[in-house]
Each structure stands twice: as C-alpha cells, then as structure tokens.
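Take these sequences, add in the hints, and give me the full structure.
Given next are the chains, with one letter for each unit.
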Amino acid sequence: MMKSLDELAKIREQARKKVDIRDSKHGIKIVVGMDTCGISAGARPVLLELVAEVQKRNLNDVSVVQTGCIGVCRLEPMIEVYKEGEEKVTYVEITAEKARRIIEEHIVNGKIVDEYTIGAIE
Amino acid sequence: MELYRAHVLICGGTGCTSSGSQTLIHTFEKELKKQGIENEVKLVKTGCFGLCEAGPIVIVYPEGTFYSHIKVEDISRITEEHLLKGIIVKDLLYKDVIHEDQILPIDEIDFYKKQKRIALKNCGAINPENIEEYIAYDGYKALGKVLTEMTPEDVINTIKKSGLRGRGGGGFPSGIKWEFTYKAEGDIKYVACNADEGDPGAFMDRSVLEGDPHTVLEAMAIAGYAVGSNQGYIYIRAEYPIAVHRLEIAIKQAREYGLLGKNIFGTGFSFDVEIRLGAGAFVCGEETALLNSIEGKRGMPRPRPPFPAIKGLWGKPTLLNNVETYANITQIILNGPEWFASMGTEKSKGTKVFALGGKINNTGLVEIPMGTTLREVIYEIGGGIPNGKKFKAVQTGGPSGGCITAEYLDTPIDYDNLIELGSMMGSGGMIIMDEDNCMVDIARFFLDFTVDESCGKCPPCRIGTKRMLEILEKITSGKGELEDIDKLERLADSIKVSSLCGLGQTAPNPVLSTLRYFRHEYEAHVKEKRCPAGVCKDLLSYNVDSDLCKKCGICAKKCPEGCIDGIKGKEVYKIDTKKCIKCGACMDACPFKAISKK
Chain A
15 MMKSLDELAK
25 IREQARKKVD
35 IRDSKHGIKI
45 VVGMDTCGIS
55 AGARPVLLEL
65 VAEVQKRNLN
75 DVSVVQTGCI
85 GVCRLEPMIE
95 VYKEGEEKVT
105 YVEITAEKAR
115 RIIEEHIVNG
125 KIVDEYTIGA
135 IE
Chain B
2 MELYRAHVLI
12 CGGTGCTSSG
22 SQTLIHTFEK
32 ELKKQGIENE
42 VKLVKTGCFG
52 LCEAGPIVIV
62 YPEGTFYSHI
72 KVEDISRITE
82 EHLLKGIIVK
92 DLLYKDVIHE
102 DQILPIDEID
112 FYKKQKRIAL
122 KNCGAINPEN
132 IEEYIAYDGY
142 KALGKVLTEM
152 TPEDVINTIK
162 KSGLRGRGGG
172 GFPSGIKWEF
182 TYKAEGDIKY
192 VACNADEGDP
202 GAFMDRSVLE
212 GDPHTVLEAM
222 AIAGYAVGSN
232 QGYIYIRAEY
242 PIAVHRLEIA
252 IKQAREYGLL
262 GKNIFGTGFS
272 FDVEIRLGAG
282 AFVCGEETAL
292 LNSIEGKRGM
302 PRPRPPFPAI
312 KGLWGKPTLL
322 NNVETYANIT
332 QIILNGPEWF
342 ASMGTEKSKG
352 TKVFALGGKI
362 NNTGLVEIPM
372 GTTLREVIYE
382 IGGGIPNGKK
392 FKAVQTGGPS
402 GGCITAEYLD
412 TPIDYDNLIE
422 LGSMMGSGGM
432 IIMDEDNCMV
442 DIARFFLDFT
452 VDESCGKCPP
462 CRIGTKRMLE
472 ILEKITSGKG
482 ELEDIDKLER
492 LADSIKVSSL
502 CGLGQTAPNP
512 VLSTLRYFRH
522 EYEAHVKEKR
532 CPAGVCKDLL
542 SYNVDSDLCK
552 KCGICAKKCP
562 EGCIDGIKGK
572 EVYKIDTKKC
582 IKCGACMDAC
592 PFKAISKK
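Protein sequence lines, in the order shown, are assigned to chains A and B.
Here my numbering is used: the first sequence runs in plain steps of one and ends on residue 136.
Here my numbering is used: the second sequence runs in plain steps of one and ends on residue 599.
The hints are simulated quantities; they were obtained by calculation from the structure and are not laboratory data.
Some clues are possibly wrong.
[What the hints assert, rightly or not] According to the in silico footprint, chain B covers these stretches of chain A (three or more CB under 8 Å from chain B):
no.	segment
1	22-36
2	42-51
3	64-74
4	80-87
The C-beta atom is built at its ideal place from N, Cα and C for all residues, glycine as well.
Given below as structure tokens:
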C-alpha cells in the first residue's frame, strides 16, 4: 500500500529502468556483432554484460544493440562504439570482463581502451 | 532485478487480436525457449499502435524495428535472425519504413510524422495490464500533484485554461462542466465516464481503454477531487470484452497500490471506481439515458434541464465525461494548461483522435493536433485512397454527422468548422468514401442504423426516422418520385427540432448533408432510375459487350443462377437480366472485362 509521493517516485524509478530500452536514445551506441561467428566466439555473454552494466550505472543515454557479422570473423566477439562527433571505435576479442572495462573507461570516462582496439591487435 | 537486452512489443488491441496476435505471443514464447534466450528477451503485449491496417504489428527494441503483417511462420525468422543474431529481417518490415535503403525510425514514417499523441501517449508503448509500466511513464504523478499541491479550484481553473472541450461529440468546455458540478449543491456527488462508444466505425475510446486504462482511472480520481466526489462509475458496453478485462485488472492493481481506495497518498482523499456494463444500445451514449442505465433502469433519455451536473445519478450532481476527454487530463496537469492550449485552433485546443476507415490505405487510429486539414489526414497520414480511385466524400461524426466533399478538403479540422460544413466532430469516426460509394445508399445505411437504435420514447424519432428510411428505400429501389426528396427534407427538419435527445436530433444529418452536396445523385435515382455509383442493385443491369466478349464461357460457369447463355467458342454470351440477381460474380470473373454494369 502506497502512502506517500516518495514511494510513488521510488516505484517510478525502478519501473523506469525496466522500460528504458524502449526510449529513443541520442547518445552513445554500442553495437555487438552477433552473427554465427560472433555467437560461437562468445558474443552473448558480452552483450548481456554490456546491458547489465549500462543499467547498473544508470547510463540512460547509452543503447546496446546487436548487429550481424561485423566482418573480421576470426577476431570475434567484436563490438563497435559510436559517439556523436567521434570516429567509430572497434574493439575485438572481447570478453565479459573486457566489456566491463570498456564501459568504465571508454563510455563513462571517455578514454578509449587502446589495447583492445582492432588497431592494437592487428 | 529482471534484465532484458531486448523487448518485443506485440499489439494486443482488438484489431491485431482478431488477426491472431495472441497466437503470435505463444509462438514467440516457444521460439525464444528453443533458442535459449527466453530470459534475455521480454515479450510485452501492448495496446493499439494505431496502424491497424498493417496488423498484427510487432516492434523490437532497442532498435525500434517495426514489423508489420506478421504471421506465425515469420516468428522463427525474427527470433533466429533478429533476436539471436541481430540481423533485421528486412522483408518483414513495414513498407514505409524503408526509405532509400535506410531504415527510418517509427516516428519519421508518414503515418506517425504528423501525429501528436497525447490521449494515445501510452497506447502501444506500455503493457496495459502492468501498473508499473504506467507508473514508469509518470503514471499517477498528476494525481499526486493535484492532491498535494492544488486546491479543487486550482484544478478546475487549470482545465478551464487549457481550453479542453468534450471529446464525445458535443464539444462542451470541460472545465465549465467541472465547475458546474463543483458548485452544485449536494452531500454526495459522482464522477462518471462514458465508454459507450457506439458509432459505427469509431473505436478510439475502446483503444484508449485497451491500451492505457490507468490514464482514465487517474483522471477520474483527479475529477473526483476537483468536484468533491468519492465514487466513480465507468459505463462501458459489454461488446468490448478486452477493454472491460483490462479495466478490471487496472482497477484491481490501482487498489492494491493504494492509488484508488481510502486515504490516497495519506491526504485523506478517498476515491474508488466501479464498472457498469451496458448492453450495447446506441442511445445509452446519450448522457441521461446512460445515467438511467447505470441506475439499473431502462436506458432511455429524459428531458434536460436539469443537467447531470445538477441532477445526475440517483438525483445527485454528477460529472460525466467521455473516455478521450479523461485521457487528456493527466497531461494537462503535468505539462500545464498553456502547453495544451498552444496546440490547435482558436476555439478547439489540443488534439483529437480519429478512427480512419472505409476507402483508405492506412486504416487505423490517428491523433492529430486540431487544425490539421482533412487533406493531411486522408492523404498524408492515411496514405490516400486505394486502387487509384477518386475521393468522393468523408463522413465524420457517424450517424449523427454528415459528409464533407473534395472541395472542402483543405478545411482545418475543429469543432466549429465541421459544424459549419453540415457535419460534426462526433466521437471521431472518419469514414472515407470513393467514387464507388452511392451517397443515397450511405444515407440509407445510417438511417437503417438509427431506426434500429431509436429507443422509442419520443414519436419524432421513433416514427419519423422510420418514415425517412422507407422513403430512402423507395428511392434506392427505383420507385422514388420527385416529391419524395422534398418530403425527406421536411421530415428531417421537423425531426431535428422536435426529438427528445441527441439521437433523434441528429439522426437526419446524414440525409441532410448528402442532400446538400449530392442532390444530383438523389435526382438520378428518382428521375433517371439510375444509380451513378453502381451500388443500388434494383437500378443496375449487367450486360456483355459483344465486341469484347471472347466467347470463353467463364461467366456462365460462375453465374450462380445459370442465367448466362451462349456457346463456347462460337456465340457471344448473353445475360438474362430478368433472372439476374446482380451478384457481380460474372463481372469479377471475366478475364476480358467484357461485362459492365450500369
């Protein structure tokens, strides 16, 4: 039984997170390659980790979407980060752990994790 | 906490439900399990997305991918390709979404671009059976604000300032109605909601209740606080089972959360809502008949005054508004009356929901700012007339309204402009007609409806509409005389001024407005015994053009009456017009278009 406006606000905040995915976003877009190659290399746990991390940190303007094969199948799982006004950054051979670090350093603090980028690996 | 990386929204409105969306949901459940992603992808059954023509509709987030005309067999592909691998299934996308190889966001396609959704804000965006999704989009925030920051007078002034007018048809200023009820003397007062949408072709109230029932409950509670009432009634027809079901769930959930019931938000204000089912009589949409029906009496109107605001349910002051009117209230409270009044025309503020039907490509539900032109609604949002046919007229306001012709297509839509054109806003049904529609037949159709629905209490409506229907039937069957047209007009005028309630007073409108713009069609039926649109069967005859006939005999095979004679390959076929039942099967079947009707 709700007895105050604060309680309503609390429910709203919680409920909001559950529907946040349906809002149109204009901020950062993280794209995960999810074709057969990506999935077999372990893209699913990466995708789930990214979604969880974005939600945990209340990054309301960050969207995590899937795409098909990004092209360099031997370096999957791959993810791409699109930030307005910046060049696309492609990360390769990503794991759930690396994904967490990318969120923390690149998405939150704006510092590209050079060692995971395609440029560093190739 | 639950965590999903994708949401699949499936329309659970009446339109998509009848084209099988429930089966789609079950199939999705199975497919997601098969792929092992049932804990990653959430299925959400929503209300109407508006584009009923393209149903069943499925939208996938976060991409916002808009799939249309989805069949059970498409689901494994969407699951495997899109949900598992992230590859959008292009051939299942709604056709207008693809523009020069790009996939447009939903709000940029023609159908949605010019719309402004206020009453339909949550329809198709939330799961109507889950109060938390409503709360997520600021649900019950307006009620909280009203109860803690505003006096009843503040609320009434806000509604007055917004310029909101009743969306059920009459267009009476809502704030003034609220004020009357507030000022009326009485120990007990009631708030009622008219959900007895009965116009053929109108389904906006139904869709609001199916897609966003809480917005109506919240608005009724706000109205209760403003006028001094603790009890609300929603009068809804039993013919709307999905809407009734979702309302019941919504009321139950609101009570559980303490948003209906005693002492809401600890402010001491109590309000509860009950549902009353109607049997689906058109007259019960009339306010006094509706109130009688809620009381358990026969649903018949009574003279006004006294108006319900003074003497309503059980003789107590009662505020009665229509569903769509209530659906605007929370947004006015949250965004302010100036915001609302900034949309629309001088005397008609905000938006209006229309149900587009008839000869139009995008059949469905649209919400547009007042002042949008009929042309924009029909050609841009509605996608124009199918099969390259010519637009003839648009009927607004259902059986109480009238038709508007091509020369007035650039009229901005508002209450006053439509009345000036001899039609009315009504509840918002918009039926588009093309060159194949006979206007006399349309008038006959609506009169047939009102004769059926007249409650019989007052003679002008009971007897008068029946006489009008008889004359119209005489004309469409080719037995009309010139004086019949004058008789129709005289009858129409006297029924209008002498009927007891709105049903009778507006019943002649379809005849009057077709006479105003299409008198020549009436005259063709009477003088030349000819139906120019080729609809009235008694005035038609089917004939084979001997020059075009290739003597194939297909027509004779198709004829259910066996009244087409000829010899295959040798002799031109002929239709015995006396035996012909004018079903049109031969004309549809002829591969050489050699059969015509006139």
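A quick look at each hint next to the structure:
no.: 1; hint: 22-36; verdict: holds (count 11)
no.: 2; hint: 42-51; verdict: holds (count 5)
no.: 3; hint: 64-74; verdict: holds (count 3)
no.: 4; hint: 80-87; verdict: holds (count 3)
Checked against the numbered hints listed earlier, the structure breaks none of them; every hint is satisfied.
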